[in-house]
Amino acid sequence: MELILAKYNYWIYVFLMMIGFYAMIVKNNLVKKIIGMSIFQTAIILFYVSIGAKKGATIPIIEHHAHSGAIDPAHYINPLPHVLMLTAIVVSVSTLGVALALILKIYHQYGTVEEDEILEQIQ
Amino acid sequence: MISAAQIPIFIVIVPFLAAFLISIAGLFKEKYCQPLSVLAMSVSLYAAVATLIHVINHGVIHYHLGGWPPPIGIEYVIDHLNAMVLVIVSFVGFIVSIYSKKSVEQELPDKIPQFYTLYNLLVTGLLGITITGDAFNLYVLLEITALTTYALIAVGRGRAALSGFNYLIMGTIGASFYLLGVGHLYIMTGSLNMADLHQLLPSLYGSGAIFIAFLLILIGVWLKMAFFPMHGWLPNAYTYAPSSTSCLVAPLMTKVSVYVMIRIMFSVFSPKFTFQEFSFHEIVVWLAVVAIVGGSLFALTQKDFKKMLTYLIIAEVGYMVGGVWLANHNGIMGAVLHILNDSMMTLCMFLVVGIIVYKTKGHHFDNLGSLYKKMPFTMAAFTIGALSMIGVPPTAGFFSKWYLILGAIDANQWEFLVALIFSSLVNVVLFFRIIEFAYYPSFSNQHGDAHGSEKIDEAPASMLVPLLIVAAGLLVIGVFTGKIVTYIIQYTIPNGL
Numbered sequence: 001m002e003l004i005l006a007k008y009n010y011w012i013y014v015f016l017m018m019i020g021f022y023a024m025i026v027k028n029n030l031v032k033k034i035i036g037m038s039i040f041q042t043a044i045i046l047f048y049v050s051i052g053a054k055k056g057a058t059i060p061i062i063e064h065h066a067h068s069g070a071i072d073p074a075h076y077i078n079p080l081p082h083v084l085m086l087t088a089i090v091v092s093v094s095t096l097g098v099a100l101a102l103i104l105k106i107y108h109q110y111g112t113v114e115e116d117e118i119l120e121q122i123q
Numbered sequence: 001m002i003s004a005a006q007i008p009i010f011i012v013i014v015p016f017l018a019a020f021l022i023s024i025a026g027l028f029k030e031k032y033c034q035p036l037s038v039l040a041m042s043v044s045l046y047a048a049v050a051t052l053i054h055v056i057n058h059g060v061i062h063y064h065l066g067g068w069p070p071p072i073g074i075e076y077v078i079d080h081l082n083a084m085v086l087v088i089v090s091f092v093g094f095i096v097s098i099y100s101k102k103s104v105e106q107e108l109p110d111k112i113p114q115f116y117t118l119y120n121l122l123v124t125g126l127l128g129i130t131i132t133g134d135a136f137n138l139y140v141l142l143e144i145t146a147l148t149t150y151a152l153i154a155v156g157r158g159r160a161a162l163s164g165f166n167y168l169i170m171g172t173i174g175a176s177f178y179l180l181g182v183g184h185l186y187i188m189t190g191s192l193n194m195a196d197l198h199q200l201l202p203s204l205y206g207s208g209a210i211f212i213a214f215l216l217i218l219i220g221v222w223l224k225m226a227f228f229p230m231h232g233w234l235p236n237a238y239t240y241a242p243s244s245t246s247c248l249v250a251p252l253m254t255k256v257s258v259y260v261m262i263r264i265m266f267s268v269f270s271p272k273f274t275f276q277e278f279s280f281h282e283i284v285v286w287l288a289v290v291a292i293v294g295g296s297l298f299a300l301t302q303k304d305f306k307k308m309l310t311y312l313i314i315a316e317v318g319y320m321v322g323g324v325w326l327a328n329h330n331g332i333m334g335a336v337l338h339i340l341n342d343s344m345m346t347l348c349m350f351l352v353v354g355i356i357v358y359k360t361k362g363h364h365f366d367n368l369g370s371l372y373k374k375m376p377f378t379m380a381a382f383t384i385g386a387l388s389m390i391g392v393p394p395t396a397g398f399f400s401k402w403y404l405i406l407g408a409i410d411a412n413q414w415e416f417l418v419a420l421i422f423s424s425l426v427n428v429v430l431f432f433r434i435i436e437f438a439y440y441p442s443f444s445n446q447h448g449d450a451h452g453s454e455k456i457d458e459a460p461a462s463m464l465v466p467l468l469i470v471a472a473g474l475l476v477i478g479v480f481t482g483k484i485v486t487y488i489i490q491y492t493i494p495n496g497l
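In order, the protein sequences belong to chains A and B. Mapping the first sequence onto our numbering, position 57 (from 1) lands on 57, and the numbers just tick up by one. Mapping the second sequence onto our numbering, position 85 (from 1) lands on 85, and the numbers just tick up by one.
Calculated directly from the structure, the hints in this document are not laboratory data. Each residue gets a CB set at the ideal place from its N, CA and C atoms; glycine is no exception. Honestly, I wouldn't trust all of these hints.
[Said to hold, decoys possible] Which chain A residues stay away from chain B? Per the calculated CB distances, all over 12 Å, these: (1) F15; (2) I62; (3) G97; (4) E115.
[What the hints assert, rightly or not] Using 25 Å as the maximum straight-line C-alpha spacing, the simulated PhoX-like pairs for lysine-lysine come out as follows: (5) K272/B x K105/A; (6) K373/B x K105/A; (7) K105/A x K307/B.
When you get a sec, could you build the whole thing from the sequences and use the hints?
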């Protein structure tokens, strides 16, 4: 129980990631697969964002604490994972865009976005 | 005047800027797109070769982007291994950009600027993956490569869009696993620079998080390279892609992923961790055996030339992964040499397929009838490529296979030796069957004008010359294997093995 409460951020990301993973693998509808993919990527982004946070820390702008003398890193949250995730968000948005464009092309070609119906047409 | 120290950045930045230039040029004159692409690739190839020579003469290059020293800034690190991979990538990019002109005009007449824009971005991504010394930078470039590949595959006809979509799903899972692994490393060490990680990790080797990080990164990279149980996306994606796309993607994507795996195993982690703490290397070699045997057997069941080749790629990935995980000098040397040889062999084969598609509009076995009479030069190049895939001595394929076999004997992993020999025998069957199909007229043609169809009808020079260069290259690499091993390959073996 303590393990769950102390590291709840990790449990949340694992839970979300498994939801996304399930949807990507199991769902028959291509759009639902894409929704799963988004959840999957968002879970990883949350994981990164949560590891930068600290209890009682503030945003990493040094001027805010200039009056208190020496600068202590413990007073600031770690900005690096957040900055990395800006890039990861851009990547996931563009993946989503490409995926939706592909679904559009598939829909024009087969007239459906259900995977089993498409495979039936190919047979 | 550009100083010599700045050369490494040109390898990556030139194709990157060319991508934008091409998309602008495409608005005005479509015919400028392909020459611009060739120009960018030749500059990149020149810079890559210059870098390789510099590395051979003076040792490892560290290039700090924007002058920021690592671990804060992003660093390019070029040693013998990735200098070689850079030359391979830019060479394939250069050859295919010349070759693609006719093929793209025929298959994608209304998408020429888009094709070359994505083409340059794809090569940029592959070069960037190879050159970077930063674990997160590698992820971003991996996704740049993947996104452009999805688009380049999906512009094909037939099932291309659906196969591209399946690749997108699997590729995203792979890249996400990699990102998650890097996240675990960052939590434990607070660094993303590969050299820095290499310094920081040894004190943490007992930790479960590091173990999981290694496993996640490996699974991610294996998904990207289509290692056997995770290969499902590859055959359809590469078969239904346009010819020029598959010529570029098939030789490079899997090989660059193998390079990433070697980089993670030895430069981020260390041989000690990979082979002693992780201690699964015998299982991985068994997986490689399954990949080789499975890939070969699936290839046997195909009735389509291009699809048969895609299954052979899966078998070849097994060669390289197995070779690295044999955990001895000969195995790793064989695997690194096979990165070079296999990319050239696969390129040769897919160039032949591209020409066959250009001339006969298909890549089924039925399309191969009488090709030896119609296209003697193309089929001569094909024969050299086939002999190299089988592993006949003067060609390149023999030497890497030889090192891999020696490595299997050194490691006492006889199952890998058996798999290598089995796959060579299957390749004999596969390629001699193709040669037979191509010597005689196909069944569907036999009633019709058999005499009329046997005139020489060779491919255009812009497709034939690149193919002949690559085929000659297979022989040259084979003859000079000793020199390549002395100057490049032997330095790629990690310290402490």
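Right, here's what the structure says about each hint:
The claim that F15/A is not at the interface with chain B holds, since no C-beta of that chain comes within 12 Å of its own (minimum 14 Å). Annotated as non-interface, I62/A keeps its C-beta farther than 12 Å from every C-beta of chain B; the closest such distance is 16 Å. Annotated as non-interface, G97/A brings its C-beta within 12 Å of a C-beta of chain B; the closest such distance is 9 Å. The Cβ of E115/A sits about 9 Å from the closest Cβ of chain B, inside the 12 Å cut-off, so the non-interface label is violated.
Restraint check for K272/B and K105/A: the C-alpha separation of about 49 Å exceeds 25 Å, so the hint is violated. A distance of roughly 40 Å separates the Cα atoms of K373/B and K105/A; the hinted pair therefore is violated under the 25 Å criterion. A hinted pair counts as satisfied when its Cα atoms are at most 25 Å apart, and K105/A with K307/B qualifies at roughly 23 Å.
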